[in-house]
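Based on the provided sequences and hints, a complete structural model is requested.
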Amino acid sequence: MSSTIFIVDDSATILMSMEVILTKAGFVVAKAASGEEAVSRLQAGLKPGLIITDIHMQTMSGIDLIRKVRTMPGLQFVPILVVTTESQQSKRDEARAAKATGWLVKPVQPTDLMRVVKQILPNG
Amino acid sequence: MRPLDSRGPDLRAAPAPAALETTRPTAVLIAVVVLSAVLAAVGTRVGMPAGTIGGAATAGLVTGLSVLLGYVMGRRHGAYPGRIHQLMIRIAEELAQYRAFTRLLRDQGTRITETTGDAARMIVTGLCDMDAKVALVVARIEADLPGPAGDPLQRMAVAIGDAVVDMVGQVQFQDITRQQLAFLSRLSHVVDAHMIDLAGQLGDPRSLDRGGDLWSLDRVAKFKGMFAQALADCVMTSQRDDHHVASGLDRKEPVAPKIELF
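As they're listed, the protein sequences go chains A and B.
Each residue of the first sequence is one higher than the one before, starting from 1 at the first, in our numbering.
Each residue of the second sequence is one higher than the one before, starting from 1 at the first, in our numbering.
Check before you lean on any hint, since a few could be wrong.
Stated by the list, open to error - Cβ-Cβ distance ranges computed for the label pairs, FRET-style:
#, chain 1, residue 1, chain 2, residue 2, range
1, B, Q170, A, K118, 17 to 23 Å
2, A, P73, B, I112, 39 to 45 Å
3, A, P73, B, R140, 23 to 29 Å
4, A, T71, B, Q170, 33 to 39 Å
5, B, I91, A, A44, 54 to 60 Å
6, B, A256, A, K118, 45 to 51 Å
7, A, A44, B, K258, 29 to 35 Å
8, A, T71, B, D107, 38 to 44 Å
I should point out that these hints are in silico values taken from the structure, not numbers from a laboratory.
The structure presented is a predicted model; accordingly, all values stated were derived computationally and were not measured.
Glycine included, C-beta positions come from ideal geometry on N, C-alpha and C.
The following block contains the structure:
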């Protein structure tokens, strides 16, 4: 069974384009347009194989989302990729400290995204 | 907030009444000087001790003469108190009204974001349709031309499908544009707060009510603070590089790898 990849981004365009890219590669995709929505879906029982999140979102930032996910039962070790326009090293360090798995700067070429996703989910 | 065209008196079109400005303060000051001189004389003649009427009158005489001298010298250098006051009110009003312009800029930015967002989603939808059709073509080739005969056609169809996915990835430009416009919007809020602050300092009492949802004025009270705020709001390397150029710094942001697994 294919892993579910959970995309969290407040940009409808990003959600749509990533969904197309990942679905075409055979993954099941779930989406959330905010950190809060992501948390409630995870609390409702969604068990993704990988979470891809933006950093700059309204109210709950991607870093806060990672911190929250790491406290949720069964999700402490789920890989989380940050995909963002943010390039500052200090933010990257924050994400690393929050136990993110990796960092990709937008725009991400589909081939690069798939290379990283397949590295994280080799059996996906 | 008052409409933009309500700006109070236009000083260029209707200059301050020169006769009134010249005559009234001058006459008053001359009267003060004359009165002081008379009081000084009376005080001396009735033999009042220094420090009472005579002393006070003498002090008034000196003060009056000083003020008169200062006023005349100010006039020679074009300093008209009434006109300066009017000008300050006008500047305060116009500073406060800059919010209308910055809001217009923000609204346009929002429209650009909406328009490009709609267009980007339409493009993705169209590309998805194309990709679905390419998948049908691949399936048809497999069915109708099995084996090596169909391989070249299949490779072509798959290449088209890959190109379509690449184009879907390019649509991320819209999110980057959206964030750049959001950055401009945040900068305009900083400028707004500063304008309102300046208007308040120039005596526009309404500026006190105009803070509204603006950021704390304390944070942007000085240009240095405003610029530091702008740098803190940058999210992209290119924005920080632009900030350094605007600051007159010969500096480039270090470029971190675009992909990093921790």
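Tested hints:
no.	hint	result
1	B/Q170 / A/K118: 17 to 23 Å	holds (21 Å)
2	A/P73 / B/I112: 39 to 45 Å	holds (43 Å)
3	A/P73 / B/R140: 23 to 29 Å	violated (48 Å)
4	A/T71 / B/Q170: 33 to 39 Å	holds (37 Å)
5	B/I91 / A/A44: 54 to 60 Å	holds (57 Å)
6	B/A256 / A/K118: 45 to 51 Å	violated (23 Å)
7	A/A44 / B/K258: 29 to 35 Å	holds (34 Å)
8	A/T71 / B/D107: 38 to 44 Å	holds (40 Å)
When held up to the earlier numbered hints, the structure conflicts with 3 and 6 and fits the remainder.
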